[in-house]
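Student: Here's the letter readout for the chains.
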Amino acid sequence: MATKIKNKVRKWGEKYLFNMLILNTLLVFMVLMRSAGYFHPFFEISVNFIVFLILILSIFLLNFNSRMMFFISLLFWIFACLIKLLKIDIWAERTAVYTFESLIVGLVLLIVETVKKK
Amino acid sequence: MLKNKLINLCKKYWHVFVLVLLSLIPIIWFFGKGDAIINGVDTNFPLNPKLWLIRRFYMWNNLSNGGSDFSFAPAGIFFHLVQFVPYIIGLSLQMVEKTSLVFWFATIVVSSYIFSKNLFKAQLTRILFVCLYSLNIYMFNSWENVKVSNLSLVAGVPLLLHIFMGLYLDSMSKSKASVLLVFTSLILSGAGINPAYFITALLTFIIFAISFAIVDNNIKKVSKILTFIIGIIFAISSYWIFPTISFVLRSVTQNSSITSIGFNNWIDSLSANTSILNIMRLQGAWDWYTFDSVSKLPIYLPYVVNYFYRFPFLIFSFIVPSLALISLVYIDKKKLRFYIPFAIMLMLGIFLGSGTHEPTGIIFKWLAEHLPYFSLFRSPWYIFTLFVTLSMAGLIALLIEKHNNSIYIKFIAWILIVGNLFYSYPLITGKIFRPNSSNGFFVNFPDYLFDSANYLENLNSGRIITYPDDQLEKYKWGYTGVEPVVSLFIDKEVLFSGINNTGTEINQIIQLLYENIRKDRFSSVFNLANKLNATIILEKKDQHTLSPELSGSFDRLKKVNFEKWNIYFLNEKTISLPKIFLANNFYYRFSGDNNDYAVKALSILGIDQHLLNSKDNVTSKIFPNKIPAGKIIVSNNSQKDNYNKHQKLPNITLNRITAQNMTEVKFTFSIDEDGYYLPIIENYDLSENLTKIDVVHNSIDESWPVQKITDSHIFFNKIYLSKGLHEVVYDTSSNLIKFENFEGQINYKKTHQNDKAELTITENNGNKQLSILNRGDIDVSADFELEDFDFNNPYFIQLDYEWSHGNMSTVYVYQQRSENLIKTQTENLPSYLDRTNFNFYYEPVKTESKMTISLAAPFINNSLGTRVAYDNLRVYKLFMNDLFFISEPSVIDDNSQQPKVNLTSSTPVKHTGQVTKVTGPNVLVFAENYSPDWKLEVTDLNGSKIRFVEEHFTIDSYSNAWFIDTGGIDYRFEIIYFPQRHFILGVAISTFTIFTIILSLFKIWLQK
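Line by line, the protein sequences are chains L and Y. Under the working numbering, the first residue of the first sequence is numbered 1, with each subsequent residue one higher. Under the working numbering, the first residue of the second sequence is numbered 1, with each subsequent residue one higher.
Treat the hints as calculated values from the structure; they're not laboratory data. Be aware that one or more of the hints could be misleading.
As the list claims (entries may be wrong) - Calculated pairs, DSSO-like style, for lysine-lysine (alpha carbon to alpha carbon, straight line, at most 27 Å): (1) 846(Y) with 823(Y); (2) 666(Y) with 723(Y); (3) 224(Y) with 118(L); (4) 117(L) with 221(Y); (5) 823(Y) with 4(L); (6) 116(L) with 410(Y); (7) 492(Y) with 12(Y); (8) 474(Y) with 492(Y); (9) 117(Y) with 402(Y); (10) 296(Y) with 87(L); (11) 296(Y) with 117(L); (12) 224(Y) with 117(L); (13) 519(Y) with 666(Y); (14) 333(Y) with 118(L); (15) 12(Y) with 117(L); (16) 296(Y) with 224(Y); (17) 116(L) with 559(Y); (18) 333(Y) with 410(Y); (19) 117(L) with 220(Y); (20) 335(Y) with 118(L); (21) 333(Y) with 4(L).
All values reported here derive from a predicted model rather than from experimental measurement.
Bound-form chain L, shown alone:
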């Protein structure tokens, strides 16, 4: 089972390597823009915004579907749980925000996929 998953992930990685490179470059770029204070005070490039944008871009670049989004949401939530148990409340709250963002994107995707199928 583990080998099967490993092979699947490797194949997927090979297929989307270039897109992952683009995605990561964009991610770094946005982080740098945020740290340099770009567009401030007209628009704040917050971490929440960066996460949300990456989630949206991953639909197009990495072909993520709704199931993957819900899975990411679950990962964020489990991470929030671990941080909360370590009593780092502020990070647990932030991670829960990412959980929610993934949930929203996943839900929208689910509805779009359903309508497309019909």
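Given the coordinates of chain L, work out where chain Y should sit on it, guided by the hints.
Tutor: This is chain Y only, laid out in the frame that chain L set:
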């Protein structure tokens, strides 16, 4: 054989056993509690359910503080009917409460089970859904306060969804759906008490419907079913929907907070802890996060420490949302139509339940400002979390159902059920009612309460003034309430210090009445009581309060005692006004913009004198052109004005360093017409043997001889006043501290003096002053206790000081009773090197106590210490007495030719009577809070309508009055509260709908 049968029966119906057990959970709450009833604060269990049910049929609540709109009342009819039935058959109050609680708990359990049958085949999955939906920490607060809206919403929504699914899947006929909708509408009606909850119920249903339409691409069918269901619900619920809509349209503006209907908009404070993390774990209730700053223990809910700190509770709080998310990862494609609405509700529930909390709060605030009536959703956590609980229960059950064949999954399901039972232990065991806490809800009502209630109920009396005057009634035997406890079981009108609507006119009059009660000013008490139609004072000596007890002077009144409750009759010593009467002798009040002064004018006016508002457009058409009116001019009191202004200023140094002269008070007023006026001053703290007062009137010394003294006012001989502005200056109190400049022997106490601190009288440029040098490790001060401290008036404290080095000089003013500290005020004096004047006000807590002023030199952690010198300490009691000038009307009616009013019938929304011996126009007064929705209809004694221009205005600051000119004809009148007609129309539609449904069912049955 029998054994096998029993085993088969258990296997087939074990779920029924579980459902019954769950439904009976409220019984557990009363184990070991004797005859106690769950009651208090927001939990208003009526001690007379019959009275409470009857009240719900009237759109005006006349029982509290002069009456108010009660259009939300019909939504509670069904809820209180459930209490009424066991009550009327003679069950004890505890049994009535148990029956009601079991009914609602069972309704939630059964309705969620019925809904789950549409989604899940396995009984285990259904039971899991019921457990997760009915027993969760969101429901703690709903049950703690027995919130009608919440419980109705939670009980009604699954039924609504069940009906929708039945119609959609064609497994339910329209006739059956109609019958179920009747019951569902009744169950959901309680949600109408707060329209936001009812809208949420509809939203849940609409989300489901839209999701089905998206998945199955069947918009037409869904629309038809939506229309059918919503149409029938609205038709059946018309009896409460019509009055509610009417009220919302009349009283709530589209894009504002609902402070316009008298409640505090507390959305930001409610959203302080509604982060997404907390919402998803259902831990967003505000009272979970209120901790004592010293002990770090929760103030309200002792059990929250388990949820915040114990590992099993922390883990379980994350497991439930995790399973919901896992369910979304492993969607069963065959049931996609259920996943979508649950996912939408989960997302919406989290977003809306967060309220104004970051980061989604910005959108919520935008919606509140731009979406019409969105601000009705002022308690987002309580309203929208149903979305979260329903969706999580549904998603987890779908996950279990998908893998139901696996024994491991079944085991996990059982672990979840049992784990959830442990996790919700406060709800199951009744700990949500804090049984071992001083704030607990289990109350044993003493017998004397019921005895006094019976006595009051049978009295033919006016309104009851309750005393003490605390906004929150907290009794020594356990009950705490925001409204008088007597309202729970008698149908008498009560006046009290309300926690809501504090700025209304009638509340100001009530506060003035309490002030006069505390000051023993009987003349004012009787005058105000008359205007309020109050004839009884109910003194409750079993209440925790700081207010002083009624003085011995009240023993002059007739008194009836019921152990710790005393009933005083005000109308034994004086005639009292009925609720509907004809008024004569009117006085306009002129008082500038300060409404507080205007209300004081009422304390002077006798039984046959009434107050008009000079700013009212309607009264100016009538008075004095058609009916003569006198004037009461209420002058501005400079000391009171400065104090009131100061209270509104920011607490900064700039407002404290300007010296003020408090040895005199200036009264300023304006006269619009030359003439003779009667000066009247409030009699408080003035000499009993006063024969005249000396004043400076417009810079001329004058002496006003006293004409009459009552316990409340001093009347002087009339004086001539010319048109224009006037100023009267009167010398007031002197400094209450003798030898304030430390020249003589001044009495003070040295506190914490030690060998490292020096407290001495020193000389500086020929002036003596109090010097304090503190090199120790504790504050040192000189304390001055006031003699003859009077808690009824504010004080002004002024001093000079010279700071040298060290910590900021500080002045403390504190009030204490025995060893208990009641209030402390701390004033930090800025560290200026020059000699500086500093002054401030102190508002005492109205209780028997002592007041001390402490001039301190706080310690500092350096060897030089703190050095400060104080001088010229002055303490003045503010002169808050008001000065009035009365000009009598040109004609004074002595009542000898007054027409007679006979009241023939009276309900809270309709009063009928007749007026005979009419000779001319008159003013009919109805002593309830003014509302433009009170309408008057007048006919002659034969029933023919009399047409005249109806002028409806306010009189005596709060009452309704009509100017009636029938041309001298005797007449009948009807005073009607117009919104009652919306209720009657609604009842007609609801009855017709239900009747039509029954008739169609009968027809179908006949055909079959």
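Student: Confirm or reject each hint.
Tutor: Hint check:
1. 846(Y) with 823(Y): Roughly 11 Å between the alpha carbons, so the hint for residue 846(Y) and residue 823(Y) holds.
2. 666(Y) with 723(Y): Holds, at about 19 Å.
3. 224(Y) with 118(L): holds (21 Å)
4. 117(L) with 221(Y): holds (20 Å)
5. 823(Y) with 4(L): violated (73 Å)
6. 116(L) with 410(Y): violated (35 Å)
7. 492(Y) with 12(Y): violated (55 Å)
8. 474(Y) with 492(Y): holds (21 Å)
9. 117(Y) with 402(Y): holds (15 Å)
10. 296(Y) with 87(L): holds (17 Å)
11. 296(Y) with 117(L): violated (56 Å)
12. 224(Y) with 117(L): This hinted pair holds, its Cα atoms lying about 24 Å apart.
13. 519(Y) with 666(Y): holds (23 Å)
14. 333(Y) with 118(L): Between residue 333(Y) and residue 118(L) the Cα gap is close to 13 Å, so the pair holds against 27 Å.
15. 12(Y) with 117(L): violated (40 Å)
16. 296(Y) with 224(Y): Status violated; Cα separation ~56 Å.
17. 116(L) with 559(Y): violated (81 Å)
18. 333(Y) with 410(Y): holds (21 Å)
19. 117(L) with 220(Y): With a Cα-Cα distance of about 19 Å, the restraint between residue 117(L) and residue 220(Y) holds, given a limit of 27 Å.
20. 335(Y) with 118(L): holds (15 Å)
21. 333(Y) with 4(L): holds (24 Å)
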